[in-house]
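Enquirer: Take a look at the letters that make up each chain.
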Amino acid sequence: METIELLILLLKFIVFPGAIFCIAYGFFLEWFDRKLYAKFQNRIGPLLTGPKGLLQPFADFVKLLAKEDITPVGADKLGFTLTPLLTVAVSLFTLLFIPIHSLTGVLSLPGDVLLVLFISTVFGLLIMFAGYFSGNRFSMVGTERTGLQFVGYEIPFALSVISVAAAARSLEITNIVNYQVNILGLPLIVFTPIAFAIYLISALAKLEKIPFDIPEAETEIVGGWQVEYSGKKLAFFRLATDLKMVFVSGLAAALFLGGPYGPSIPGLEPIFYTIWFIIKTLIVMFILSNLRSLFARYRIDQVVHGFWKYMVPLAVLQILIVEGLIFMGVI
Amino acid sequence: MAVLSKLVKWARIKSPWIIHYNSGGCNACDIEVVAALTPRFDVERFGILLKGSPRHADVLVVTGPVTRQTKNRLIRIYNQMADPKFVLAVGTCTITGGVFRGAYGVLGGVDEAIPVDVFVPGCPPKPEAIIQGVVKLLEKLQKT
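Protein sequence lines, in the order shown, are assigned to chains X and W. Residues 264 to 594 in this note's numbering are what the first sequence spells out, letter by letter. Residues 215 to 358 in this note's numbering are what the second sequence spells out, letter by letter.
Hints are not guaranteed to be accurate.
To be verified - Each computed BS3-like pair below joins lysine-lysine, with the alpha-carbon atoms no more than 25 Å apart: (1) Lys495(X) <-> Lys265(W); (2) Lys223(W) <-> Lys302(X); (3) Lys223(W) <-> Lys340(W); (4) Lys265(W) <-> Lys299(W).
As the list claims (entries may be wrong) - Derived Cβ-Cβ restraints for the label pairs, each shown as a range: (5) Arg254(W) <-> Leu583(X): 46 to 54 Å; (6) Asp332(X) <-> Lys357(W): 49 to 57 Å; (7) Leu355(W) <-> Ile538(X): 22 to 30 Å; (8) Thr334(X) <-> Trp231(W): 50 to 58 Å; (9) Trp231(W) <-> Gly342(X): 24 to 32 Å; (10) Leu411(X) <-> Ser219(W): 41 to 49 Å; (11) Gly336(W) <-> Gly398(X): 54 to 62 Å; (12) Gly336(W) <-> Leu388(X): 26 to 34 Å; (13) Ala317(W) <-> Thr334(X): 26 to 34 Å; (14) Tyr318(W) <-> Leu411(X): 57 to 65 Å; (15) Leu274(X) <-> Asn286(W): 34 to 42 Å.
For the record, the hints were derived by calculation from the structure and aren't laboratory data. Positions of the beta carbon are idealized from the N, C-alpha and C atoms, including for glycine.
Next comes chain X alone, as it looks inside the complex (with noise of 0.2 Å):
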C-alpha cells in the first residue's frame, strides 16, 4: 500500500501536474508569447516548425543541447557549470506549490507564500552568479544591472503578493485559493486590481522581458549575462525562463484569479481544473505580451525610481485598502 502511494507521489512529481507538465506548457507558453508578440509587430512569428511553429521551442532546446559547449578559460569552471543546473532545478521546485490540477499544490504547507517569495529572489541571484561566474566584461555589466534591478522590483512584487495574503488572512497559497472560492466566492483581484497590476509590473521585472531587459539589453551589452554561455548551459538557462514563465503566470492565477478553479463536471475535477488553470495562465501571458510589445526599453535608474517612487506606495496603499475593507466586513 505505501509503495504505491509512494508511487503515485513521484509520478506527480515527475509527470504531472510535476516536471514533464510544467516543461512541456513552459515551452507552450514560449511559443505563444513569441507568436503573440509577432502579430502586435505585424509579423507572422514561428510558422513552419510543427503545426504553427508549436514544436519550435522544443526545436531551439535540442539544437542546443547539441551544440558544442565552450568553458572559457577565464570563467569560474565549477560555478559557470552549475548554475544553469541549479537555476532550473529551482524554478521546477517553485512550480511544485503551484496549484495546477486542484486547490492545492503537489507540495504544500503552511507559510508556503514566503517560501515560494524567497525562492523567487534565488532567481534573480542566481542570475547574477552565472554573470560573476563567467568573467567576461559584457557579463560583468549585466550582473551589476541585474543587481541594481533587483532590488527595484523585489519589494513591490512581496508586498502585492502580501495585500493578497492580507486579504484572506494566510500565508498558505492552498488557503488563499481556497478562500477565493469557498468564502468569498470572487477572484480576488476585484478588491485587489491595484496588487494585480504591480504584480504583473514587477513580474515582468523578474522575467526580464521587455520595458524591464535591462540585464541582457542585446543592443548594449551583446547578452548581457549570458553573453558566455553556449550549448547545453544556454538551453538550460532558457528552459529556466519558460519554467519561471509557468510559475509566474500560475501565482498570478491561484493568487488572483481564483486558482484552478472554475465550472467543472463533478468526478472529472482535475480534468476541468487543469484546462482552467490553462486558461488563466493563458490570459495572464496575453497580457504580459501586450506590455512587452507595447514598451521601449527603460533606462536602469528609471526602473529603480519608478519602482521605489510610485510602485512601493502604490503596494502599501492597496494593503491599506484591503484592511479597510476588512475593518466594515466587506470581504
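Go by the hints and put chain W onto chain X.
Expert: For chain W alone, coordinates are given in the frame of chain X:
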C-alpha cells in the same frame, strides 16, 4: 542512436540563429539583412533569430569585403562560435572584394579569412536572395 541524430538534424534545420557582422562594407547589404528580419519578410517563420553574442549563434552572416583591419576580428568572432557553425556571405564584395578590390586596405573576399558555406551575390542582394541563401545552407545541412 539513429533516431536521436535525426532529431538533432531536424532541430538544427529548424532553428538556425544568426549573428550579423559587417567586415567593412558600405552598409547596403546590412540594410537588406535587416529588411529580411522585419515584418515584410519575417524570417522568424523559419525559426531564424538574430542574436547578439557569437556564442549563441549558428550562422555567421558576413557583409562587405574583408579589410586588413577587421580580418583578425572576423577570425576571432568565427572562433568564438560554438560548433557546428556556418558562414553565409552576403553581397558581391564578400565574393571578390567588389568595387573595393585592389584597394590598399582591402584583403578581398571573406574566404580569404574564414571558410564560407554559401555566397549570396548581388549589390546589394534582395532579402529574397538572402532567404534563398539560407535555404541553400539548410539544404546542404539536410544532405550531411
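Enquirer: Determine whether the Cβ-Cβ distance between Trp231(W) and Gly342(X) falls within the hinted range of 24 to 32 Å.
Expert: holds (26 Å)
Enquirer: Could you see if the CB distance from Leu411(X) to Ser219(W) stays within 41 to 49 Å?
Expert: holds (45 Å)
Enquirer: So does Leu274(X) sit 34 to 42 Å from Asn286(W), Cβ to Cβ?
Expert: violated (56 Å)
Enquirer: Holds or violated: Lys223(W) and Lys302(X), Cα atoms, limit 25 Å.
Expert: violated (29 Å)
Enquirer: Could you grab the alpha-carbon distance between Lys223(W) and Lys340(W) and see if it respects the 25 Å cut-off?
Expert: violated (28 Å)
Enquirer: Should the hint that Gly336(W) and Leu388(X) are 26 to 34 Å apart at their CB atoms be regarded as holding?
Expert: violated (49 Å)
Enquirer: Note whether the CB distance of Thr334(X) and Trp231(W) lies within 50 to 58 Å or breaks it.
Expert: Since Thr334(X) and Trp231(W) have Cβ atoms about 20 Å apart, the given range 50 to 58 Å is violated.
Enquirer: Given the hint of 22 to 30 Å, check if Leu355(W) and Ile538(X) actually sit that far apart at their C-beta atoms.
Expert: This hint is violated: roughly 40 Å between Cβ atoms.
Enquirer: Between the beta carbons of Arg254(W) and Leu583(X), is the distance compatible with 46 to 54 Å?
Expert: holds (51 Å)
Enquirer: Between Lys495(X) and Lys265(W), does the CA-CA distance stay at or below 25 Å?
Expert: holds (17 Å)
Enquirer: Do Ala317(W) and Thr334(X) keep their Cβ atoms within the hinted range of 26 to 34 Å?
Expert: Given a distance of about 40 Å, which is not inside 26 to 34 Å, the answer is violated.
Enquirer: For the hint 54 to 62 Å, verify it against the beta carbon of Gly336(W) and that of Gly398(X).
Expert: violated (41 Å)
Of the hints listed earlier, those the structure fails to meet are numbers 2, 3, 6, 7, 8, 11, 12, 13, 14, 15, in rising order.
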